[in-house]
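Undergrad: Using the supplied hints, reconstruct the complex from the two chains, each of which is provided in its own coordinate frame.
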Amino acid sequence: MDSFIVISLIKIFVVFGALMTILAYLQWVERKVIAHIQVRPGPYRVGPHGLLQPLADVIKLITKEDLVPPYVNKVLYLAAPFFAITMALLSISVIPFGPAIRVAGYPTYMGLADLNFGVLFILGISSMGVYGIALAGWSSNNKYSLLGGLRSSAQMISYELPLSLAIAAPLLISNTLSLRKLVDSQDGWMWNWNLFHGFQYVSFVVFIIAAFAETNRVPFDLPEAENELVAGFHTEYSSMKFASFFMAEYANMVTVSCMAVLLFLGGWVAPWPAAYGSGYVPVAIFAIGGMIAIWRGLNPRRPRDRFTFPPFGVVFLVVAAVFLVPILQSALLPLFWFCAKTGAILFLFMWIRGTLPRFRYDQLMGFAWKILFPVAMLNLLVTGLAIAVFS
Amino acid sequence: MDLILFLVFAGIAVVAAINVVVQRHPISSAISLIAVMGSLAVLYLLLGAEFIAAAQVIVYAGAIMVLFVFVIMLLNAGGETKAGRSFVASLLGVPVLVALLWLLAYYTARIYPSDTEVHFGGFRGGTAQAVGRALFTTYLLPFEITSILILIAIVGAIVLARKELE
Numbered sequence: 027m028d029s030f031i032v033i034s035l036i037k038i039f040v041v042f043g044a045l046m047t048i049l050a051y052l053q054w055v056e057r058k059v060i061a062h063i064q065v066r067p068g069p070y071r072v073g074p075h076g077l078l079q080p081l082a083d084v085i086k087l088i089t090k091e092d093l094v095p096p097y098v099n100k101v102l103y104l105a106a107p108f109f110a111i112t113m114a115l116l117s118i119s120v121i122p123f124g125p126a127i128r129v130a131g132y133p134t135y136m137g138l139a140d141l142n143f144g145v146l147f148i149l150g151i152s153s154m155g156v157y158g159i160a161l162a163g164w165s166s167n168n169k170y171s172l173l174g175g176l177r178s179s180a181q182m183i184s185y186e187l188p189l190s191l192a193i194a195a196p197l198l199i200s201n202t203l204s205l206r207k208l209v210d211s212q213d214g215w216m217w218n219w220n221l222f223h224g225f226q227y228v229s230f231v232v233f234i235i236a237a238f239a240e241t242n243r244v245p246f247d248l249p250e251a252e253n254e255l256v257a258g259f260h261t262e263y264s265s266m267k268f269a270s271f272f273m274a275e276y277a278n279m280v281t282v283s284c285m286a287v288l289l290f291l292g293g294w295v296a297p298w299p300a301a302y303g304s305g306y307v308p309v310a311i312f313a314i315g316g317m318i319a320i321w322r323g324l325n326p327r328r329p330r331d332r333f334t335f336p337p338f339g340v341v342f343l344v345v346a347a348v349f350l351v352p353i354l355q356s357a358l359l360p361l362f363w364f365c366a367k368t369g370a371i372l373f374l375f376m377w378i379r380g381t382l383p384r385f386r387y388d389q390l391m392g393f394a395w396k397i398l399f400p401v402a403m404l405n406l407l408v409t410g411l412a413i414a415v416f417s
Numbered sequence: 007m008d009l010i011l012f013l014v015f016a017g018i019a020v021v022a023a024i025n026v027v028v029q030r031h032p033i034s035s036a037i038s039l040i041a042v043m044g045s046l047a048v049l050y051l052l053l054g055a056e057f058i059a060a061a062q063v064i065v066y067a068g069a070i071m072v073l074f075v076f077v078i079m080l081l082n083a084g085g086e087t088k089a090g091r092s093f094v095a096s097l098l099g100v101p102v103l104v105a106l107l108w109l110l111a112y113y114t115a116r117i118y119p120s121d122t123e124v125h126f127g128g129f130r131g132g133t134a135q136a137v138g139r140a141l142f143t144t145y146l147l148p149f150e151i152t153s154i155l156i157l158i159a160i161v162g163a164i165v166l167a168r169k170e171l172e
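Taken in sequence, the protein lines are chains W and Z.
First residue of the first sequence? That's 27 in my numbering, and the numbers climb one at a time after it.
First residue of the second sequence? That's 7 in my numbering, and the numbers climb one at a time after it.
All clues given are correct.
Not the full set, but computed from the structure, chain W residues with beta-carbon under 10 Å of chain Z:
no.: 1; residue: 141
no.: 2; residue: 152
no.: 3; residue: 156
no.: 4; residue: 163
no.: 5; residue: 172
no.: 6; residue: 186
I should point out that these hints are in silico values taken from the structure, not numbers from a laboratory.
This one's a predicted model, so the numbers in the text were calculated from it and none came from an experiment.
Note that beta-carbon positions come from the ideal geometry of N, C-alpha and C, so glycine has one too.
Pulled out of the complex, with its shape left as it was, chain Z reads as follows (with noise of 0.2 Å):
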C-alpha cells in the first residue's frame, strides 16, 4: 500500500515538475509547482512527518504559490514564446541530464542505504513534538537568528515599496 501510494505521488511529482519546465504559459507552469509541491507533501506523510508534510502545504502550496498565482493574474502575464535551442544544449542536454541522475542516485543509496532511517544531522522524525523540541533545544540560535533574518527582510520590503514622503 505505502509503496504505491509512493510510486504515484513520486511519479505525479515527476511529471508535475518536468511540466513546470515544458508548459509556456506561466499559470500552466505554476499550477504545476502546486501539484510537486502536493504531491511531496503525500511524500513527507508516508515517510510519517506529517508535521512537515502540513508545513508543506500550508506555507509552499498555501501561501507562496498564491502569491505566485496572484502576481501572474496581476501582471496578467502572457504565454512565452519559445526561445531557439543552442546547438551545444541539444547536444550535450540528454547525457549531462543522465549522468547528473545517476550520480544523485548513486550518492544517495551510497550515504542512505536502504535500511537507515533518513536523519537531517541528529534529527529524525517529523512530528509536531519532534519538530519542536529540536527547533527549541539543538537548533534554538539558528531558530532565532532565522528569525530576525525574514524581520530585516520584512522591514526591508516595506523600505522598498514606500512611495517617497517628500
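Next up, chain W with everything else stripped away, as it sits in the complex (with noise of 0.2 Å):
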C-alpha cells in the first residue's frame, strides 16, 4: 500500500513534468512545421533555431500584467481558466503509455492510473472540459467573448456524437472499456490494430475529424475566428490566464491523439513482433542520426558545422546504444512507438493547420449533424453486425 502512494506520487512528478514540457516545445514545433509549410524560417532568435522561444514564452507570459477587467463576473472570470486546464490534465491521468513493468523490484504500470472504465473517463472528463470555455465567453461580459463561448459550446455538443460514435466501433472490436486491454488486444503484427483489423477507416476518419473540433482546432476555431470576433472567449484574458486556456488546448491535441492511438493504432504496441526486429528499429532510427550528423561535422558545409553538429552526433548514437541495453528495453521501445503514433497525429493536426481555411459557421454545423454522425452511426451499425455475423 505504502509503496503503491510512493510509486504514484513519483509517476505523478515524472509525468507532470514530461507533459509540461511536451506542452511547451509542442508549440515551438507546431511555429516550426508551419513555418516551414509557408516556405519562412520561424522562430530562430532564441537559442539555436529557437529551441529556447518555449522559456522566454513563458516568461513572458508569467511576467506580463494580470489585468483583471472591472466589468467582468469576477468568480466565474477566475474559475474558468483554472477549470478549462484542470480537466484538460485530468484526462491524461488515464492514458496508458506502455505495459507493466518493474521499477527497482516493484511491478508498476507506465501511466498514472489504471482504470476499468477508461474510455469512459476521458469521455465524461472532455464533455467537461465545454465549461471552461463556455463560462469564460460568458464572464467576461464582452459581446466577442460571448459569441466566442457560444459557438464553442454548441460545437462541442455536435462533435462529441460523433465522436463517441466513432470510438465505440473499435470498442465493439476488442470488446473492452479498459484502454490498456485495448492495446493488449492489438498485440502482434500491425494489421491486428483496430484501424486494419476491424475495417475502422471510417470511423478513425471520423474520430479525426470530430476530435480537431473538440479541441477547436484549424480548420473547427471558429470560437476564436479573429477576423469576426477578435479572440473568442480569450479576449479578455491576459498573462497566466490566457496561457492557461493556451496549455488546455495543447494537452487535448495531446489526450486526443493518444486516444487515437490506443484505439485504433495499437497503442505501444510496434508494427511488427519483437521477434522480427522491431526493437532495433529505434536503434537504426538515432544511430543512422548520429552518424550522418558526425559526418557532416567531419565535412562541413559553413564553418560552425564543425562544432554544432558532432556533439549532436554522439548524443544520438548514445540514445542509440540506450535502446540496446536490456533492462531499458522493456520500458523505453513501448514509449518508442507510443510516441512515435502520438507524434504522427500531432503532426497531422499542425500540417492541416498550415493547410486549411477555416470553415463557416452554418457549415460546421451542418457538417457534423449531416454529414458526420449518420456517417458514424452507419458505421457503428456495420461494424456491429459484422461481430454478430463472424463471431
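TA: Below, the structure is given as C-alpha cells:
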C-alpha cells in the first residue's frame, strides 16, 4: 500500500513534468512546422533554431500584467481558465503509455491510473471541458467573448456525438472499456490494429475530424475566429490566465492524439513483433541520424558546422546505445512506439492547420449533423452487424 | 478512506443543492447543479457503479447542463428579484422539511438495513457489463420502448421548432 502511494507520487511528478515540457515544446514544433509549410524559418532568434523560444514565452507570459477588467463576473472569470486546464490535465491521468514494468523490483504500470472504464472517464472529462470555454465567454461580459463561448459550446455538443459513435466501433471489436486491455487486444502484427483488423477506416477518419472540432483547432477554430470575434472566448484574458487556455488546448490535443493511437493504432505495440526485429528500429533511426550528423561535422558546409554537428551526433549515438540495454528495453521500446504514433497524429494536426482555411459556422454545424453523425452511426451499425455475424 | 470520501462528496452535494435554490443568478444555480451532478457521480463510483458514474457525468453534467448553461447564455438572463415570502411558508417551512427528511431517512433505513446491498428490482451492480446485460435481457422491452419514446420526442421537437414552409 505504501509503496503504491510512493510509486504513484513519483509517477505523477515524472508524467507532469514531462507533459509540461512537451506542451511548451509542442507549441515550438507547431510554429516551426507551419513556418516551413509557409516557406519561412519560424522562431530562430532565441537559442539555436529558436529552441529556447518556449522558455522565453513562458517568462513573458508570467511577467505580463495580469489584468482583470472591472465589468466581468469575477468568480466565474477567475474560475474558467482554472477549470479548463484542470479538465485538460485530468484526462491525461488515465492514458496508459506502456505495458506493465518493474521499477527497482516493484511492479507498476506505465501510466498514472489504470481504470477499467478509462474510455468512459475520458469521454466524461472531455464533455466537462466545454464549461471552461463557455463560462470564460459568458463571464467576460463582452459580446465577442460571449459569441465565442456560445459557438464553442454548440460546436462541442454537436461533435461529441460523432466522436462517441466513432469510439464505440473499435470498442465493440476489442470488447473492453479499459484502455490497457484495448491495446492488449491489438498485440502482434500491424494488421491486428483495430484500424486494419476491423476495417475501421471510416470511424478513424470520423474520430480525427471530430477530435479537431473538439479541440477547437483549424479548420474548426470558429470560437476564436480573429477576423470576426477578436480572440473569441479568451479576448479578455491576459498573462497566465490566457496561458492556461493555451495549455488546455494543447493538452487536449495530446489527449485526443493518444486516444486515436490507443483506439485505432495499437497503442505502444510495435508494427511487427520483436521476434522479427522491431526492437532495432529506434536503434537504427538514432544511430543513422547520429552518424549523418558526425559525417556532416567532419565535412562541414559552413565553418560552424564543425562544432555544432558532432555533439548532436554523439548524443544520438548514446541514445541509440541506451535502446540496446536489455533492462531498459522493456520500458523504452513501447514508449518509443507510443510517442512515434502520437507524434504522427500531432503532426497531422499541425499539417492541417498549415493547409486548410476555416469553415463557415453554418457549414460547421451542417457538416456535424448531416454528414459526420449519419456516417458514424452507419459505421457503428455495420461494425456491430459484422461482429454479430462473424463471431 | 471510503467513509471520508463519502462524507466529503455527500457534503458537497447537499451544500451545492441548497445553493441551487439560494443563488439568485441562473448561471450560479446551474453551476451549483453541475457540482451536485459531479459529486453524485463520485458517490456512485464509491458504490462500485463505475458505468453509472460515467453516464452521470457524460449525460447530466456534460450534456444536459451544457444545454442549460447554453440557453442561459443565449437568453442572457439576469439575476432574479427576490419574491416576498408568504406567512404560511415561513411558519411551516422548517418543520415540514424536517418531518420530510425524517420520514425519508426512516423508510430508507427500514427498506435497506445497513447490511444489504442496494439494488433496483432484481438488478445489482453498476459496471458496464452488468448494466448492459440487464438492459438487453431483463429490461429489453422497456429499453426499446424508451428509445422509441426518445425518437418520438426528437421528431416532435423538430416539428415544433421548424419554421412554416408555406
